[in-house]
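S.K.: Here's the letter readout for the chains.
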Amino acid sequence: KQEVTQIPAALSVPEGENLVLNCSFTDSAIYNLQWFRQDPGKGLTSLLLIQSSQREQTSGRLNASLDKSSGRSTLYIAASQPGDSATYLCAPHTGTASKLTFGTGTRLQVTL
Amino acid sequence: GEEVAQTPKHLVRGEGQKAKLYCAPIKGHSYVFWYQQVLKNEFKFLISFQNENVFDETGMPKERFSAKCLPNSPCSLEIQATKLEDSAVYFCASSQEQGRIYGYTFGSGTRLTVV
Numbered sequence: 080k081q082e083v084t085q086i087p088a089a090l091s092v093p094e095g096e097n098l099v100l101n102c103s104f105t106d107s108a109i110y111n112l113q114w115f116r117q118d119p120g121k122g123l124t125s126l127l128l129i130q131s132s133q134r135e136q137t138s139g140r141l142n143a144s145l146d147k148s149s150g151r152s153t154l155y156i157a158a159s160q161p162g163d164s165a166t167y168l169c170a171p172h173t174g175t176a177s178k179l180t181f182g183t184g185t186r187l188q189v190t191l
Numbered sequence: 396g397e398e399v400a401q402t403p404k405h406l407v408r409g410e411g412q413k414a415k416l417y418c419a420p421i422k423g424h425s426y427v428f429w430y431q432q433v434l435k436n437e438f439k440f441l442i443s444f445q446n447e448n449v450f451d452e453t454g455m456p457k458e459r460f461s462a463k464c465l466p467n468s469p470c471s472l473e474i475q476a477t478k479l480e481d482s483a484v485y486f487c488a489s490s491q492e493q494g495r496i497y498g499y500t501f502g503s504g505t506r507l508t509v510v
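One line per chain: the protein sequences are A and B, in this order. Sequential numbering of the first sequence, starting at 80, is according to the working numbering. Sequential numbering of the second sequence, starting at 396, is according to the working numbering.
Any given hint could turn out to be false.
Unchecked claim - Distance condition first, Cα-Cα at most 25 Å in a straight line; then the derived SDA-like pairs of lysine to any residue: (1) A:K80 <-> A:S103; (2) B:K404 <-> B:I496; (3) B:K404 <-> A:S107; (4) B:K439 <-> A:Q160; (5) A:K121 <-> B:P403; (6) A:K80 <-> B:F460; (7) A:K121 <-> B:I421; (8) A:K147 <-> B:Q493; (9) A:K121 <-> B:P466; (10) A:K121 <-> B:V433; (11) B:K439 <-> A:L126; (12) B:K404 <-> A:P119; (13) A:K121 <-> A:G174; (14) B:K404 <-> A:L126; (15) A:K80 <-> B:F440; (16) B:K439 <-> A:T105; (17) B:K413 <-> B:Q493.
Unchecked claim - What follows is a list of derived Cβ distance ranges for each label pair: (18) B:Q412 <-> A:G120: 18 to 28 Å; (19) A:S132 <-> B:E398: 22 to 32 Å; (20) B:G409 <-> A:D118: 22 to 32 Å.
As the list claims (entries may be wrong) - Which residues of chain A face chain B? A partial, calculated answer using Cβ under 7 Å: (21) Q113; (22) S132; (23) F181.
I should point out that these hints are in silico values taken from the structure, not numbers from a laboratory. Every residue, glycine too, gets a C-beta built ideally from N, C-alpha and C.
Model the full structure from these sequences, guided by the hints.
M.R.: Right, dumping it as structure tokens:
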């Protein structure tokens, strides 16, 4: 059974900092891994989708890396802004189960 | 449309009442998935469909939960005789394939409160 852990659980940083969110998963037989953002009381917004054959995927100030064999992914946010404040969730798509398994999330607060 | 549309946004039911939630997937997406978010970040997979056929129902509590995806209609998730523990946000997602290539697109969720 896939288990997904995200570290740290919560993070508060001043505006402008670069930061790294970590995700680890136990079953490396994945098709891809998605990073989502969830604002309080809102739905899930897909930020990046990284295929199992890829090492990195970039979108604007966001960069996600994937090391499938070691069961790790990181989300790098450059020059953080208050608007980045949200909960970030990683979700590998496990091959055998053919569904997403969500991590525990990292709650990010970026202060002025 | 280009978004997964979930209705209603909020639903309040007395314990024992029925609740019915709806999801319209993105046009052209043949897979639909239902997830339940309890507490803050605990997501539980419930069921998935390939068109109108159940693809995976391993997460469904069989006694009171049922779901359908019929042609030319929104998909639905129904809870008979709701319990307090059913209070959660229910998310629907759709994908073009099983999500292996293009990933999932999620709706904004339905918040169910059982009182």
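S.K.: So which of those numbered hints doesn't the model satisfy?
M.R.: 2, 3, 4, 9, 13, 17 and 22
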